[in-house]
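K.L.:
Residues per chain, in single letters:
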Amino acid sequence: MLTDLALLFSKLSLLAVGGVNSTLPELARIVVTEKHWLSATQFSQLYAIANTAPGPNMLIVTLIGSHQAGVAGGLVASAAMVLPAGVTAALVAVLFSKHQNARWKRLAQAALLPVTAGLVLAAASLLARQSDTGWLTAGLTAAAALLTWRTKLHPLWLLGAGALAGLLFL
Amino acid sequence: MGFGGVLPIIRRVMVDDRRWLTQTEFNELFSLCQSLPGANVVNLSFAFGAREGGASGAVAAVTGLLSAPVSIVLVLAGLYARFGGLAPVRHALLGLAATAAGLALGSALRIASPILTVPRNMLLAAAVYGLAFGLHISLPLIVLGMLPLSLALSWRLVP
Numbered sequence: 001m002l003t004d005l006a007l008l009f010s011k012l013s014l015l016a017v018g019g020v021n022s023t024l025p026e027l028a029r030i031v032v033t034e035k036h037w038l039s040a041t042q043f044s045q046l047y048a049i050a051n052t053a054p055g056p057n058m059l060i061v062t063l064i065g066s067h068q069a070g071v072a073g074g075l076v077a078s079a080a081m082v083l084p085a086g087v088t089a090a091l092v093a094v095l096f097s098k099h100q101n102a103r104w105k106r107l108a109q110a111a112l113l114p115v116t117a118g119l120v121l122a123a124a125s126l127l128a129r130q131s132d133t134g135w136l137t138a139g140l141t142a143a144a145a146l147l148t149w150r151t152k153l154h155p156l157w158l159l160g161a162g163a164l165a166g167l168l169f170l
Numbered sequence: 001m002g003f004g005g006v007l008p009i010i011r012r013v014m015v016d017d018r019r020w021l022t023q024t025e026f027n028e029l030f031s032l033c034q035s036l037p038g039a040n041v042v043n044l045s046f047a048f049g050a051r052e053g054g055a056s057g058a059v060a061a062v063t064g065l066l067s068a069p070v071s072i073v074l075v076l077a078g079l080y081a082r083f084g085g086l087a088p089v090r091h092a093l094l095g096l097a098a099t100a101a102g103l104a105l106g107s108a109l110r111i112a113s114p115i116l117t118v119p120r121n122m123l124l125a126a127a128v129y130g131l132a133f134g135l136h137i138s139l140p141l142i143v144l145g146m147l148p149l150s151l152a153l154s155w156r157l158v159p
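These protein sequence lines are chains A and B, in that order. Positions 1 to 170 (UniProt numbering) are the ones given, in order, by the first sequence. Positions 1 to 159 (UniProt numbering) are the ones given, in order, by the second sequence.
With the rest of the complex left out, here is chain B (with noise of 0.2 Å):
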């Protein structure tokens, strides 16, 4: 159901259809998860079901949200497999990859315009899109040398 993103379809079921949260408590979980590594969503649902019912619960969220996409996912990749070469296929999957690079691209903007008019944020910024794009530093060393740098610089920002 999730196609291009799943979270608002997440959100209304929780909040507005069955009432397990109240949408302020969505809230701060959602912005918990977001704060950890790993896909946001993903995580909510690992959050959610372990509050609820332990470690089982959380096995059971995961599962769910997951298990019909993996399958989609996993007949696609065969499909792949058998008929990428395809002279058609090959084509449509050119102007499919062009598209999708435009969407990443889309979203990137969306998460990155507002905080930029901010100069330290922007410089950051950046800092990682060099290291990572222009000069390939592994992402551990960009996480463990920008991470606390930022962390510092908005020490006393935030009140």
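Here chain A stands alone, though its shape is the one from the complex (with noise of 0.2 Å):
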């Protein structure tokens, strides 16, 4: 199961163009449909525990390992997510000091971007569809929406009054 966790991770952290979240697809993928380790309804709340958590946005790969293999399990998939993507940028990093070839960079940018919305818009999507049961979650996903996209909100606010809603009218 380790070696499991981390191949699987190792591979999804070279792929993620972007940021992790372009890998969500992927990961719901495999982890849901292919390998049956969780239900729909389980991927969306690991995410949605992932964001209560302080932290950068990979905290799912920690909470996906541990809900398989327990602590050890965290700890390999998260080493996984990182390190092959991570030594490849301090690689690069290293590499690139000296002579920062700015044309590159753009192109690179400007190359990524449209895969990395892409992607991003199907994760959300993909979680929608997963934890939008009727009419009030769907309100809640569309106002955390709204509410994230057009405003500075702190998102703990919003998953605050979402936990709550869900508590007092589920």
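In case anyone wonders, no lab produced these hints; they're calculated from the structure. Mixed in with the good hints, there may be bad ones.
Claimed, not checked - SDA-like mimics (lysine to any residue), calculated; alpha carbons at most 25 Å apart, straight line:
id: 1; chain 1: A; residue 1: K35; chain 2: B; residue 2: W20
id: 2; chain 1: A; residue 1: K11; chain 2: B; residue 2: S138
id: 3; chain 1: A; residue 1: K11; chain 2: B; residue 2: V59
id: 4; chain 1: A; residue 1: K35; chain 2: B; residue 2: L135
Stated by the list, open to error - Anything over 10 Å on all C-beta distances counts as not near chain B; from chain A, calculated:
id: 5; residue: E26
id: 6; residue: K35
id: 7; residue: F169
For every residue, glycine included, the Cβ atom is placed at its ideal position computed from N, Cα and C.
Since each chain sits alone in its own frame, please combine them into the complex, following the hints.
P.N.:
Written out as structure tokens, the structure is:
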């Protein structure tokens, strides 16, 4: 199991274009549809729990690892998710520190942005489909989306309000 | 400390408080990390750590960044496994999950809306969206297929 986790997440690490959220559709496809480690509901709940914790937005990986294989699983999954990409970033940063090629960087960004945008929108649609079971949950998703997009309201207020609404009305 | 995104905090500590980097150097390093795969902030600490202190610097920086969040989330995982089935907890989690999906949608719209004004970007993003969400094509295939296409289309536009 630990080897499975290490292999899966080190592969995803190198595919995380523009950030970890780009890998969520693939992650859900593998752990929910293919391997049946989690139900769709559990997947979206673990994503939500990862969001309530402080820190970088890769913590869903830690949660999936620990769901499968306890604390060791969580640590292995986290390490596998950060190491391949991190080592790449470190090497590139060291090699490119002296002679920055500005055009290359602008080109990479221009090429990556539409791909990243498509992937994070797909990730969000997937999470919404998994967690919106009725009018109330769909309303919570829509309200949180609008407030996150248009305001600078702190996400913890939204998450707290959403959990409270669920507790009271579901 | 980094509720809802670590980037602003890291920027403040590295640029304003400790003066390890100037704002321009920070922007350069961050944009480099954004064009590479992986969690951007984690990459940033790997890159900065490696530049300052080699391999051990990179390890120190990343351990510092991740040890507290990973420990906290492991505790939450234990609580979820133990209490996740109780009715009130389950209801709160359903509301929480729906809200978190909204947060994901909101930040996706923030990323997407400024670039989707260009037709080329809109077509590429729509194609990627359809492949990932509609057709469940695997991510390696999407990246290997769409990234070269996107790069080719950007080639003449980027000065």
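K.L.:
Does K35 of chain A pair with W20 of chain B here, judged by a C-alpha cut-off of 25 Å?
P.N.:
Violated: K35 of chain A and W20 of chain B sit about 45 Å apart, past 25 Å.
K.L.:
Mind checking the alpha carbons of K11 of chain A and S138 of chain B for me, to see if they're no more than 25 Å apart?
P.N.:
OK: K11 of chain A and S138 of chain B at ~12 Å, within 25 Å.
K.L.:
Under the criterion that the straight-line Cα-Cα distance not exceed 25 Å, is the pair K11 of chain A, V59 of chain B satisfied?
P.N.:
holds (20 Å)
K.L.:
Regarding the pair K35 of chain A and L135 of chain B, is the alpha-carbon distance no greater than 25 Å?
P.N.:
Answer holds: K35 of chain A to L135 of chain B is near 18 Å, not above 25 Å.
K.L.:
Just want to verify: K35 of chain A was marked as not at the interface with chain B; is every Cβ pair farther apart than 10 Å?
P.N.:
Correct as stated: the minimum Cβ-Cβ distance to chain B is 14 Å, above 10 Å.
K.L.:
Please confirm whether E26 of chain A is truly not at the interface, meaning its C-beta sits more than 10 Å away from all C-beta atoms of chain B.
P.N.:
E26 of chain A is in fact no farther than 10 Å from some Cβ atom of chain B, at 4 Å.
K.L.:
Beyond 10 Å on every Cβ pair: is that true for F169 of chain A relative to chain B?
P.N.:
Violated: least Cβ distance 8 Å, not greater than 10 Å.
Taken one by one, the earlier hints fail for this structure at numbers 1, 5, 7, listed in ascending order.
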